[in-house]
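Sequences are here, hints too, so could you generate the full structure?
Residue numbers (my numbering), protein chains in the order written: chain C, 1 to 164; chain Z, 1 to 470; chain G, 1 to 106.
Keep in mind that the hints were calculated from the coordinates and are not lab data. For glycine and all other residues, C-beta sits at the position ideal for the given N, C-alpha and C. There could be a bad hint or two in this list.
[What the hints assert, rightly or not] In silico negatives: residues of chain C with every beta carbon more than 10 Å from chain G:
#1 Leu-24
#2 Ile-78
#3 Gln-79
#4 Arg-86
[Unchecked claim] Derived contacts from chain Z toward chain G, CB cut-off under 8 Å, selection only:
#5 Val-135
#6 Ile-139
#7 Ile-157
[What the hints assert, rightly or not] Just the calculated beta-carbon pair ranges, DEER-fashion:
#8 Z/Lys-429 <-> C/Thr-23: 32 to 42 Å
#9 Z/Asn-393 <-> C/Ser-132: 52 to 62 Å
#10 Z/Thr-345 <-> C/Ser-107: 56 to 66 Å
#11 G/Arg-91 <-> C/Trp-3: 46 to 56 Å
#12 G/Arg-91 <-> Z/Leu-427: 36 to 46 Å
#13 Z/Leu-408 <-> C/Ser-68: 47 to 57 Å
#14 Z/Leu-449 <-> C/Arg-91: 27 to 37 Å
#15 Z/Gly-146 <-> G/Leu-28: 51 to 61 Å
#16 C/Ala-102 <-> Z/Gly-457: 56 to 66 Å
#17 C/Gly-103 <-> Z/Leu-408: 46 to 56 Å
#18 C/Gly-103 <-> Z/Ala-192: 30 to 40 Å
#19 Z/Thr-261 <-> C/Asp-114: 12 to 22 Å
#20 C/Thr-23 <-> Z/Ala-398: 50 to 60 Å
#21 Z/Gly-363 <-> C/Arg-91: 28 to 38 Å
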Amino acid sequence: MIWFTLLLVVLVLAALWASMTTTLLRSTLGLALASALLSVVMFSMGATLAAVMELSVCAGLISVVLVSVASLTRPRSIQEELASRRSRLRRIWPLPLVLIAAGVALSFVHAPVDIVLHLPKGDGDVRTVLWSLRQLDLFGQILILLAGALGVLVLFRKEAKDDD
Amino acid sequence: MSDLLLLVPFVAVVLLYLLPKRARTAGLWIAFGILALETAAAFIDRFATIDFGLLAPLGKLLGFHLATDGLSELVILCTGLVGMAALLVARRTLEDENEKFLFANLVLVAVVGINGIAMVRDLFSLYVFVEVTAVATFILIAAGRGDHVFEGAWKYIFLSVVASVLMLTSLGFFLLSTGGITLDAARTGLAANAPLAWIAMALFLCGLFVKGAMVPFHGWLADAYTAAPAPVSVFMAGIVTKASGIFALMRIAQSTLGGATPGREILLVVGAVTIVVGAFLSLTQTNFKRMLAYSSISQMGYIVLALGGDLRLGILAAGLHFFNHAISKSQLFANAAAIEKQLGTLDMDEMGGLGARMPVTAGTSAVASLSIAGLPPLAGFWSKLLIVLALWNAKEYAFAAVAILASLVTLAYFLSLQRRVFFGKPLEKWAGAREASVGLLVPAVALALITIALGVGFPFALKILMGGGA
Amino acid sequence: MTIEIPQSFWLYFTFFVLLLVDGLWCMLATRNLVRILIGLEILMKSVTFFLIAAGYLSGRMALAQALVITVIVIEVVVVVVVAGIILGFYRKHDSLDVGNTRRMKG
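In structure tokens:
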């Protein structure tokens with residue numbers, strides 16, 4: 001139990017680093033780290049398939065997208081960069097204190113919660129659930145991927161045209 | 001059959017890409033044909049149960065858990081009509097053939113999403129289809145050429161993700177409190193008065209309020225509508241926002257809340273505040289599309305308010321207002337497209353006296369405005385009457401009074417719009433202005449005729465609706 | 001090493017809230033579009049975690065996993081589309097400053 005809680009603490013720290021660090025590249029790295037840690041958390045809770053997805057898609061693919069966006073958009077002039085960094089620091093520094101306070105406050109709450117429990121553990125295999133009960137969601141996935149493909153076509157072609 | 005409503009447009013999008021490049025001009029018409037079929041499908045009584053011979057085994061194989069009822073048919077009808085109008089507007093306002101082709105594709109994707117929203121019986125699938133519709137719409141906005149397309153799309157995305165977070169958190173609570181995420185499971189949880197289930201419901205409602213641009217989550221809508229290209233704003237105002245936010249609320253009010261008091265009170269308060277705030281914000285606008293956008297917010301408040309009234313009558317009233325507003329508002333945005341195309345501006349301070357130059361646009365926009373403002377005998381009058389009756393039956397007299405008084409404000413801003421744009425002395429500046437081309441007038445005239453016909457023939461329509469157990 | 005996993009709702013809820021606050025703050029404290037996107041991603045992480053925890057606590061892990069897989073697919077498509085929009089914004093305004101989106105009146 002102590003290990004699991006520690007894992008969650010590290011996960012929050014990684015997310016905190018992602019939101020506080022100075023450059024976009026480090027921020028992306030922090031997010032990828034948080035994603036990877038989340039997939040470890042999911043794996044140890046028994047969500048193996050979802051953990052694999054989280055690791056490959058979120059920690060992998062999304063980081064690639066974010067890194068390419070960060071590198072395609074160069075930073076502004078150094079003075080401007082420093083000024084915006086300072087104003088951001090002024091707004092972000094209370095965050096760790098807020099998180100610690102919230103964490104301490106919530107750790108004292110132990111009100112009973114009425115959870116409906118499905119026994120015995122589990123309700124079948126995730127593949128069965130996904131393919132035989134949630135086909136509509138699978139269809140939705142295919143559809144949104146199609147929409148995403150159209151989006152890449154529209155948005156990135158438009159870039160190329162504007163460059164001419 | 002209901003599976004076909006999802007599969008046909010989807011397959012069409014894939015097939016359209018197999019067409020040779022030269023044949024792509026046909027894309028718009030193919031999409032138009034599919035939407036015409038969709039409109040027809042809504043009129044087949046209980047089309048879900050019709051056995052389509054050879055296609056029946058296909059449905060079994062796919063086994064989507066869909067269900068259709070009167071409400072789904074309503075959305076499907078509106079989607080067909082508004083989609084056709086948007087495609088006609090696109091044909092005349094988008095310049096590039098490629099842009100038209102992509103518009104047709106993205107509209108079809110969004111239509112699949114909306115059809116899904118209309119027919120699902122499960123909160124997570126509802127979320128999935130809302131998200132599909134939203135992604136297609138982000139792209140539609142950002143594909144435009146206007147100056148602010150990215151800003152409009154950005155605000156929409158930003159609040160959409162917040163809505164997603166609210167809805168998914170709510171699903172987590174539903175899993176904990178009821179163990180299931182179907183509408184029926186949620187209903188059981190609420191009926192047992194499990195506190196976690198009510199927290200979950202409140203979060204889900206908040207998510208839908210963001211999607212449906214209820215005050216205080218309305219910030220994105222005016223920017224998104226104003227920034228979007230003309231045909232996209234027709235489509236968005238007509239059906240996208242309504243299906244993904246308001247219709248989902250109607251579905252939940254009908255099959256999950258079931259008239260329970262806490263849920264009803266949330267809907268009443270949010271609806272009333274939205275009506276009033278939207279109407280007053282609308283009064284202060286100078287941009288034609290922006291005024292229509294705030295008017296949309298206010299009118300969608302009416303639909304939500306109706307859901308807080310007497311359950312049976314409330315759903316009927318909400319459904320009717322949904323239809324009327326979908327038709328009239330998409331028509332007004334089509335009018336806006338005509339004006340923008342002819343004058344190159346949407347600033348109402350620069351307009352005046354256009355009635356003489358653009359008589360058809362002026363006439364049709366007057367019909368739609370007066371219908372939304374609730375003047376008899378136009379269609380909007382009947383739906384507002386039913387809304388007030390639904391509130392009266394539920395003994396919500398104060399809210400009924402808000403509904404009546406706010407329609408005076410509605411009348412005020414629409415009269416101000418008509419006066420500033422169409423009446424008055426014709427300005428020198430627009431001496432050369434002409435009526436828009438026939439292609440742009442057809443959707444406006446057709447939609448205006450629907451408004452008049454439904455208004456005049458309303459008693460018959462109501463008989464059919466009540467008899468059919470809508 | 002096997003990790004012992006606690007059955008307490010409040011432990012999961014606490015970390016869910018911490019991630020949520022972190023993401024929200026990250027979004028609101030910055031004017032850079034990419035950073036706001038990173039904040040949105042942190043929010044999605046928190047929700048993913050909460051869904052899995054809910055599935056674990058209620059014994060419906062298979063269902064929760066099925067949901068999370070779909071959520072991840074949707075998430076990646078949204079991120080790609082948002083990335084395209086950020087790039088378009090950058091090409092147009094030569095800046096990533098969200099202040100430019102406030103120029104629209106209303």
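For each hint, the structure was consulted:
no., hint, verdict
1, Leu-24, "violated (5 Å)"
2, Ile-78, "holds (15 Å)"
3, Gln-79, "holds (14 Å)"
4, Arg-86, "holds (12 Å)"
5, Val-135, "holds (6 Å)"
6, Ile-139, "holds (6 Å)"
7, Ile-157, "holds (6 Å)"
8, Z/Lys-429 <-> C/Thr-23: 32 to 42 Å, "violated (52 Å)"
9, Z/Asn-393 <-> C/Ser-132: 52 to 62 Å, "violated (44 Å)"
10, Z/Thr-345 <-> C/Ser-107: 56 to 66 Å, "holds (59 Å)"
11, G/Arg-91 <-> C/Trp-3: 46 to 56 Å, "holds (48 Å)"
12, G/Arg-91 <-> Z/Leu-427: 36 to 46 Å, "holds (37 Å)"
13, Z/Leu-408 <-> C/Ser-68: 47 to 57 Å, "holds (54 Å)"
14, Z/Leu-449 <-> C/Arg-91: 27 to 37 Å, "violated (55 Å)"
15, Z/Gly-146 <-> G/Leu-28: 51 to 61 Å, "violated (27 Å)"
16, C/Ala-102 <-> Z/Gly-457: 56 to 66 Å, "holds (59 Å)"
17, C/Gly-103 <-> Z/Leu-408: 46 to 56 Å, "holds (52 Å)"
18, C/Gly-103 <-> Z/Ala-192: 30 to 40 Å, "holds (32 Å)"
19, Z/Thr-261 <-> C/Asp-114: 12 to 22 Å, "holds (21 Å)"
20, C/Thr-23 <-> Z/Ala-398: 50 to 60 Å, "holds (56 Å)"
21, Z/Gly-363 <-> C/Arg-91: 28 to 38 Å, "violated (53 Å)"
Violation of the numbered hints given earlier is confined to hints 1, 8, 9, 14, 15 and 21; the remaining hints are satisfied by the structure.
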